[in-house]
Amino acid sequence: MLPVARERCVRRDPWLIVAPDGGPEQLAPISLQVRDLSKSFYGVHAVDGVSFDLVGGEIHGLLGENGAGKSTLCSMLAGLYRPDGGHILIDGEEVHFRSPDDAASHGIGMVYQHFRLVDSFTVAENIVLGHGEGVGRRARRAVEARVHELGEEYGLDVDAAAPVWQLSVGERQRVEILSQLFRGARILILDEPTAVLAPHESGRLFQALRKMVDRGHAVVLVSHKMQEILGHTDRVTVLRGGRNAGAGDTASLAPASLAAMMFGDELAGVGARVERTEQVVGAAVLTVSGLDVMGDHGRRAVDGVSFEVRRHEIVGVAGVAGNGQRELHEALAGLRSASTGSVVINGHDCSSAGPKVRHRAGMAYVPEDRLGTGLASGLPIEDNLVLRSFDRAPHSVAGRLRSGAIRETAAKLVREFDVRGARDGMPVSFMSGGNLQKAILARELTEDHDVLVAAAPTRGLDLSAAETVRGHLRRDREQGRGVLLFSEDLAEVLELADVVLVMFRGAIVGRFDRSEVDVEQIGLLMTGIATTTEASRP
Amino acid sequence: MSRIMVTPRPQRSMGVRIGVPSLSLLVAMLLGALILVLTGADPVEVYRTMFDASLNGTVALERTLTYATPLILTGLAAAIAFRVKVYNIGAEGQLFMGAIGASAVALTLPSGTPTVLMVGAMMVAGALAGLVWAGFAAVPKAFLGTDEIITTLMLNFVALAFMNYLIFGSFSFLRDPTRPVPQGEAIPASATMPSISGRLHIGILIAVGLAVVLWWVLRSTTFGFRMRTIGDSPRAARYAGIGVPLTTLAVLSISGALAGVAGAIEVSGVTNRLDPQSLAIELGYTGIVIAAVARLNPIGVVPVAVLLAAIAAAGGSMQSIGVQVQVVVLLQGLIFLSVTAGEFFVTNKVALRPPPPTTIQPVADPVGGGA
Amino acid sequence: MNDSVLVLSIASALVAGTPILLAALGEIITERAGVMNLGIEGMMLMGAVAGFWCGVHTGSLTLSLLVGGLAGAALSLVHAVLAITLRVNQTVSGLSLVIVGSGLAAFLGAAGETSLLERANGVDVDQLLPDALADLPLVGPILFGYDPVVYVTVILVGVASRVLYRSAAGLSLRAVGEDPAAADAAGLHVVRIRYLATTIGGVGAGVGGAYLVLAVLGTWQTGLTAGVGWIAVALVILAGWRPWLALAGAYAFGALRGLGFTLQIAQVSIPSDFLAMIPFVAAYVVVVAVSASPNRSRRVAAPAALGEPYNREER
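As they're listed, the protein sequences go chains A, B and C. Using my numbering, read the first sequence as starting at 1 and increasing by one per residue. Using my numbering, read the second sequence as starting at 1001 and increasing by one per residue. Using my numbering, read the third sequence as starting at 2001 and increasing by one per residue.
For the record, the hints were derived by calculation from the structure and aren't laboratory data. Treat the hints loosely; a few may be bogus.
What the hints assert, rightly or not - Each pair of labels, with its calculated beta carbon distance range: (1) A:GLY290 <-> B:GLY1145: 43 to 51 Å; (2) A:SER352 <-> C:LEU2077: 51 to 59 Å; (3) B:ARG1179 <-> C:ALA2292: 41 to 49 Å; (4) C:SER2293 <-> A:SER289: 20 to 28 Å; (5) A:ARG299 <-> B:ILE1018: 49 to 57 Å; (6) B:LEU1026 <-> C:PHE2274: 46 to 54 Å; (7) C:ILE2155 <-> B:THR1039: 36 to 44 Å; (8) B:LEU1026 <-> A:ARG299: 38 to 46 Å; (9) B:ARG1017 <-> C:LEU2077: 27 to 35 Å.
Stated by the list, open to error - Computed footprint of chain B on chain A; a stretch qualifies when at least three of its residues, placed anywhere within it, have a C-beta under 8 Å from a C-beta of chain B: (10) 363 to 369; (11) 375 to 386; (12) 390 to 399; (13) 424 to 436.
Small disclaimer: the values here were computed from a predicted structure and weren't measured. Using N, Cα and C, we set each Cβ at its ideal position, and we do this for glycine too.
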């Protein structure tokens, strides 16, 4: 348990980023080489013999679809996972990281998709954490001053004395980046940073990154969005199925060739766009009026929301994550209580009813949180597939479970929805994200329902699984049900929805019929830049 | 440390589930032997004496199974509560209250009442007393979210003090007025539990019977399904429409009732009076660890309880070979620790990580340009 | 007459409360790092038996307390391995250790040739400050009449508070207890910090137990802690994991334990069993009252990751 002697580079003084004379300080040349790196989880290769090169002064894109191995690769570079095989060389010397601390001492810092900030601490405390500096009054002032300076330098301003839980997602990301810079990161890895940002916030981020590489930093930008890679990187490496699939200077690569690298022979039209059938919209199956919902920190998360979902219709809610969507769909499902307002499902007023009543009234719910809410992660697949119907025929009679009937239902659902990876008695937590989602959908879609509320149903799924899920949503719509889709992926919302609602700070700030969709307007509404206009009044 | 790879096991074979605990048991016995040697005793003699006193012969078995009866019940009480993540540490106190309730009933009903009714009434009284006592923790938890670990714990000490008061601190109707030395009044013969063989009474059948019933409820009823779901994920349980507060309240009440029944059985079958000193032997706390060792499985509680009872039963024979009685508690503790630690190896597979390749590949640039 | 009763009560409250405070202080550190150690009662007993043995053989209070602390630390190390490395349910692990600890202590206390049960007072415990100060009317006994341990404990409370809230070590500790994933990402050794915190908790309990048997009780008897360790566990929660509040609470409980004696002198007769109940009833009432209070910040004060094992490669 005592520290084992580690190779440590001389740690650069983190304060040296802003030189005494105020001018930008140039960093010494950096190089990172990755050779044949591999990592497996439970026998599955997440990364299989990947190699790539990185030098200071460049923004290097790491492109690939979900599940291609980008995140795992970066986690190894950042010292979070230990490679099963392969080499990492920094400035020509091989390094073995035993911990994130180790990687940090070599100048590698990573900003993850899920932020690693202690919510109850302030920005300054989070930045200082692990640095060995005190947090007495003097030290805190010094840190706050530095944060302010750095903020100004790179355009990453944030209030250093604010507790993190009060900050917006964009601000938290800035804290993460500053944190890495304070640690002396010369190589900054960002994992899907724009997934949680609005368009103009992304712009600011890229400006900051450009300033950094101009000083000599190296940036690795992990993304599955081609536009981003094309627009902001100098070089790009493409991964597919955990392996190298191509690389080169961004300027010399056409979108088509990048797509071919990403997807192999099946092109980006793996989602060969299904023909969209016109549907005649029917009666309302879900009517929400004046809904107010309190959030976790005593603030109002949903503010006076009213809308309708009708039969044969998909209503998509667009918005940057964290603007009340989660509280809204939890309230609709009955998992969170609303302070005022009404929810009417299929004509039944369910405003103060619990999840069971709403389910019986006709609402199917696919929650955002698969393993935490949608499924009981320690229970086997059969139990999970009857999770919402275990106390009804045919699965039980007079309080007694009928295991034969349960197994039959489970087998049928697994077959029909191609759920793979489930084994006898095995907790479902061992199954992959895609199969978990299929399981949840199998359960929710086969029960009688009139409206389906789906929250981030394709998050974290690879392209084919995501397409399958979208296919199910379309089918539900064709079969006469109403679908309410919450998604952070604007493209997905635009592709699927008949009606687009835009959510910002808990309120519906825009409503667009499919025919009048204005992407730019939606983007501005999503970030609160534009306020509701006549054309978009919900 | 970096050479050890730990991966969770998706499925646990019978071999692992039986093998690991058996190995842990062995380790515990070896550690116990070591401590015995260090304090100047002969482990072989000690273990042999223990075996003779607890498992060798009818009298020994009677003793062991009699000791096991309340442990099975407190083990069940803990198992079902912990299953729904309600940490009922109060079986100890609930047992005392059950004993008090049962004694009170036995001394109040006319002594001519038939045994069936008498014993039945005592069981019911014990269950109710335990249930109500658990309620003092359950109600604040249900309405205010009060942490049940502290409340049930504090209530243990209150119950103990109360029980002591009834016998040692006052002349309550539960105390024998004819004796100057404080002692509980003897319950009438009709209130005594019928015996099966020697000192072994039908309480063991009640205990094992309840274990089977609870096992069946857990795996084959909708209530059991609710319990298992809550225990796995309260959020998923709510999503499934399960009334979490109501179910946990019910489970905690049943848990308290089981511990109360344990107290009632002890009074009816063993002590035949309210005897604080015979009851306050950490039956409740031991039950918790039994439940943990049995991995919260009601059927599993039975053999584990019997094992621990065997060790406890052997305690009386220790003095005759010059070893301190407390060695049995020590041995029990070692078994708990060893099996609990062994759990890790049931849930996870531990292997050595293959060493990284020592030769560095030539640094030729494998990254081709373009597709 | 009434004066001296009051004075005696206050003085005895501080002395009786010190073992609770030592154990609670250690547990605050442990829980702030996210580890719940319910085994304090067992560790106090181990500390008591070890400390008493040492006192009997060496006559030195300091040495005895040290040995007691080591004994407590040893037992808490077992809990650390179970709870942190093997990721066993922390409630179960702690309880097992209470059973093991009390069993082992009872065994050792009665074992061997020199059975501690037969020994009388193990060690002389002197007061720290000169008699002149201690003899001052009223103020003297209350402020100056104690043995060094009482004063050192108060200083430790101050040190703990300062370290916890002002130093980098304290920040790291709290981070590990609030969000171990974030702490890990920040480069902190979560496992190492938790081991350290748990061991400190064991030391606190061990020293508390040793002090209890040597200075407060004076003689060894089986089960001498009688629930004091559990009161310390409750106290940590009631004090909102804050050292100074724990001090107030510990002395309050110390006073309650001495209440019986005080009432006897005041010639109020309450059955001794009910007196024994008082600290526990009080703890129960306070715990319920706190959770009933509308002031939510109390409950939010628990370290967010308390009781949850940390596994870095958990996906």
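Against the structure, the hints:
Between A:GLY290 and B:GLY1145 the C-beta distance comes to about 30 Å, which lies outside the given range of 43 to 51 Å. At about 52 Å, the CB distance of A:SER352 to C:LEU2077 agrees with the hint of 51 to 59 Å. Between B:ARG1179 and C:ALA2292 the Cβ separation comes to about 45 Å, which falls inside the hinted range of 41 to 49 Å. Here the CB-CB span from C:SER2293 to A:SER289 is close to 35 Å, at odds with the stated 20 to 28 Å.
One distance hint, 49 to 57 Å for the beta-carbon pair A:ARG299 and B:ILE1018, holds here, with the actual separation near 53 Å. As the Cβ distance of B:LEU1026 to C:PHE2274 is approximately 48 Å, the hint placing it in 46 to 54 Å holds. Range check, C:ILE2155 to B:THR1039: about 39 Å between beta-carbon atoms, so the 36 to 44 Å window is met. For B:LEU1026 and A:ARG299, the Cβ-Cβ distance of about 57 Å falls outside the hinted range of 38 to 46 Å, so the restraint is violated.
Taking 27 to 35 Å as the suggested C-beta distance range, the pair B:ARG1017 and C:LEU2077 conforms, at roughly 28 Å. For the region 363 to 369 of chain A, the proposed coverage by chain B is satisfied: 3 residues have a C-beta within less than 8 Å of a C-beta in that chain, meeting the threshold of three. Residue count for the region 375 to 386 of chain A with a Cβ under 8 Å from a Cβ of chain B: 6. That meets the three needed, and the coverage hint holds. Counting residues of the region 390 to 399 of chain A whose CB lies closer than 8 Å to any CB of chain B gives 4, so the stated coverage by that chain holds, three being the minimum.
Here the region 424 to 436 of chain A counts 5 residues with a CB under 8 Å from a CB of chain B, which clears the bar of 3, and the coverage holds.
Comparing the model with each numbered hint stated earlier shows that hints 1, 4 and 8 do not hold.
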